[in-house]
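Colleague: Here are the chains, one letter per residue:
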Amino acid sequence: MKFQIKYFAAVLAAVSLFVSCNNDDDSAIVEGTHGDAELFFDNGVAGDALIIGNTYTNSNGESLTINRFNYIISNVVLIREDGTEYIYPKEESYFVINHADELQTVHLEGVAAGDYKKIRFGIGVDQQRYLQGETAQQSFWDLAAANDLTWTWSTGYRFINFEGAFTSTAGTEAKPFQVHQGSNTATDNYREVTLDLPTTARVRENEQPSIHIKTDINVLLDGDTKILLQNNLNGAGTAAAIMGGQNLIDIAANSLKMFTVDHVHNGAGSHHE
Amino acid sequence: MKNVLLAVLSFLLLLSCGNDDADLYEEINEQLELNVPANFPPMAQDISYNYPTQKGFELGRKLFYDGRLSADNAISCSFCHEQATAFTHHGHQLSHGINNLEGIRNAPAVQNMAFQSEYFYDGASNSIEMLSIAPIHNPVEMNETLEGIVAKLKQDKEYVRLFKQAFEDQQVSSGNVLKALAQFMTMIVSANSRYDKYVRNEGGVFSQQELLGMQLFQQKCASCHKTDLFTDSAFRNNGLPPNPNLNDKGREVVTGFETDRYKFKVPSLRNVALTAPYMHDGRFGSLESVLNHYSNGVRQNETLDPILNQNGTLGLSITQEEKDAIIAFLKTLTDEEYINNPLFYYKT
Numbered sequence: 001m002k003f004q005i006k007y008f009a010a011v012l013a014a015v016s017l018f019v020s021c022n023n024d025d026d027s028a029i030v031e032g033t034h035g036d037a038e039l040f041f042d043n044g045v046a047g048d049a050l051i052i053g054n055t056y057t058n059s060n061g062e063s064l065t066i067n068r069f070n071y072i073i074s075n076v077v078l079i080r081e082d083g084t085e086y087i088y089p090k091e092e093s094y095f096v097i098n099h100a101d102e103l104q105t106v107h108l109e110g111v112a113a114g115d116y117k118k119i120r121f122g123i124g125v126d127q128q129r130y131l132q133g134e135t136a137q138q139s140f141w142d143l144a145a146a147n148d149l150t151w152t153w154s155t156g157y158r159f160i161n162f163e164g165a166f167t168s169t170a171g172t173e174a175k176p177f178q179v180h181q182g183s184n185t186a187t188d189n190y191r192e193v194t195l196d197l198p199t200t201a202r203v204r205e206n207e208q209p210s211i212h213i214k215t216d217i218n219v220l221l222d223g224d225t226k227i228l229l230q231n232n233l234n235g236a237g238t239a240a241a242i243m244g245g246q247n248l249i250d251i252a253a254n255s256l257k258m259f260t261v262d263h264v265h266n267g268a269g270s271h272h273e
Numbered sequence: 274m275k276n277v278l279l280a281v282l283s284f285l286l287l288l289s290c291g292n293d294d295a296d297l298y299e300e301i302n303e304q305l306e307l308n309v310p311a312n313f314p315p316m317a318q319d320i321s322y323n324y325p326t327q328k329g330f331e332l333g334r335k336l337f338y339d340g341r342l343s344a345d346n347a348i349s350c351s352f353c354h355e356q357a358t359a360f361t362h363h364g365h366q367l368s369h370g371i372n373n374l375e376g377i378r379n380a381p382a383v384q385n386m387a388f389q390s391e392y393f394y395d396g397a398s399n400s401i402e403m404l405s406i407a408p409i410h411n412p413v414e415m416n417e418t419l420e421g422i423v424a425k426l427k428q429d430k431e432y433v434r435l436f437k438q439a440f441e442d443q444q445v446s447s448g449n450v451l452k453a454l455a456q457f458m459t460m461i462v463s464a465n466s467r468y469d470k471y472v473r474n475e476g477g478v479f480s481q482q483e484l485l486g487m488q489l490f491q492q493k494c495a496s497c498h499k500t501d502l503f504t505d506s507a508f509r510n511n512g513l514p515p516n517p518n519l520n521d522k523g524r525e526v527v528t529g530f531e532t533d534r535y536k537f538k539v540p541s542l543r544n545v546a547l548t549a550p551y552m553h554d555g556r557f558g559s560l561e562s563v564l565n566h567y568s569n570g571v572r573q574n575e576t577l578d579p580i581l582n583q584n585g586t587l588g589l590s591i592t593q594e595e596k597d598a599i600i601a602f603l604k605t606l607t608d609e610e611y612i613n614n615p616l617f618y619y620k621t
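Sequence order for the protein chains is A and B. Quick note: our numbering has the first sequence finishing at residue 273, numbered continuously throughout. Quick note: our numbering has the second sequence finishing at residue 621, numbered continuously throughout.
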């Protein structure tokens, strides 16, 4: 008897799995219902995994040991096949990714049920929000400050904080570098990217898609425009700092190719925790 | 019947009790009246997101005068921005901060802030709400953090009450500290000098010398000190030889562009008779010295403003008599109502 129950349970489980899978594909979008979604940011360096403290050599002939890689993701929009958009509420649409602290997932709550084919988001903080000042309900400044993503000498946010040490040719002593991407009162370096999803992301009341995004830090300095840290040393030649000028405009352009969607998980539950 | 009435009454009482917190905010916190002076250009800041209210303004004023905004609880905003001198640090070339550390710039006036598009000599901020971040965090000014200030203020029951009254979300938070300070600064308008009353036909009278000074000012100075704000808000190199001890690159510090080297924001000249010393580093002690610079002191430099280099002739041609007249005119920009306005002063 026991034996039979076991079998019965196994068959039932198999059937229910089948049914639920089957159901998933066909589950109709119920207008007016909402579900959750998540974006998982898988940080890497030109195809390699990002490990804090590891050294990576780029095509500029520079070797970078990365100690920090934090950035701001904002203004998330999910786009349906017909081009219509679900805009995540702007005042709640500012998120921090912090690689060292394993803060890599953006949770979206109350997304309109739908089949989504594309995603759009911003890197950093747009001027409109910046000029509106702080919205108290989110206190984004505190979150950003806790993740080294604020500027205080020029008031605003670091969109990307990328730090470590580098050597430019074999044998030279490693020097610290800081790449702080952001806007200032002269240049608006906020950018948005739109990415195709390889499979449809289904949002339903009981289904939460997880969109797995690969982030390639390498393109920031070694992308369409090459930026050499060696050319950005301070007067004493002891460290490289990139925090302004044309570099930020070039990094903003390079960052447009920083993200690709690798795959989408559909179904219930969280997929990356 | 009596019982029913009692029940209704107590229900009503219950309702109103439940609503008290929200009602409190709405009822006592009125929006302040804020008019653009007739001779001013429109506001440069969109203040609709943080329109000054009675309680928000009063809270901002209390914060402005509170040393707890600094790491050692001693340096308030008002330490370097004193009302009697148009909210500048009179008598100090460079501003002092905590532990008596010295900065590299001369404290600018706080006036007509919502009419400005960029702040500080280098334009480090373009938002009236965000600008307070700079002096608060500067290690030689207040050396604090917003999170640190919030932690201190949350310990103070009076502040907890005042934030509750001032803001809809009732929180003591980084955002609300910035908003309260912005509301206070938004209200600090200086538009009632003798000059204003003259141009608005409100009974202001000018002497012959002041009239001559105004004409000369319009010919020689107003291309940069534009409009009745007396600034075009641009960043310009006015030919000062850089101070080698400070090595202040000005606007380049913010933008990272070499073409911005040694450029500083054109300051408003309102209340200028009160705001000595002058220039970003406070190098000139008098208006006479400032005008002497423009007539005799302008140095050639790669980024020198073209207005000050007319076919190789550096500076402006101004006679002594003209200088006296211009200075007489500049003194008409002093606004006694603003420097004595009790609304801008916090009595501890």
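None of these hints come from the bench; they were simulated from the model. Glycine residues also receive a C-beta, built at the ideal position from the N, C-alpha and C atoms. Don't take each hint at face value.
[What the hints assert, rightly or not] Some chain B residues close to chain A (C-beta under 8 Å, calculated; not the full set):
#1 Glu303
#2 Glu306
#3 Asn308
#4 Pro310
#5 Phe313
#6 Asp319
#7 Gly396
#8 Asn399
#9 Met403
#10 Leu404
#11 His410
#12 Ser446
#13 Ser447
#14 Gly448
#15 Thr528
Colleague: Of the hints stated earlier, which fail here?
Modeller: 1, 2, 3, 4 and 5
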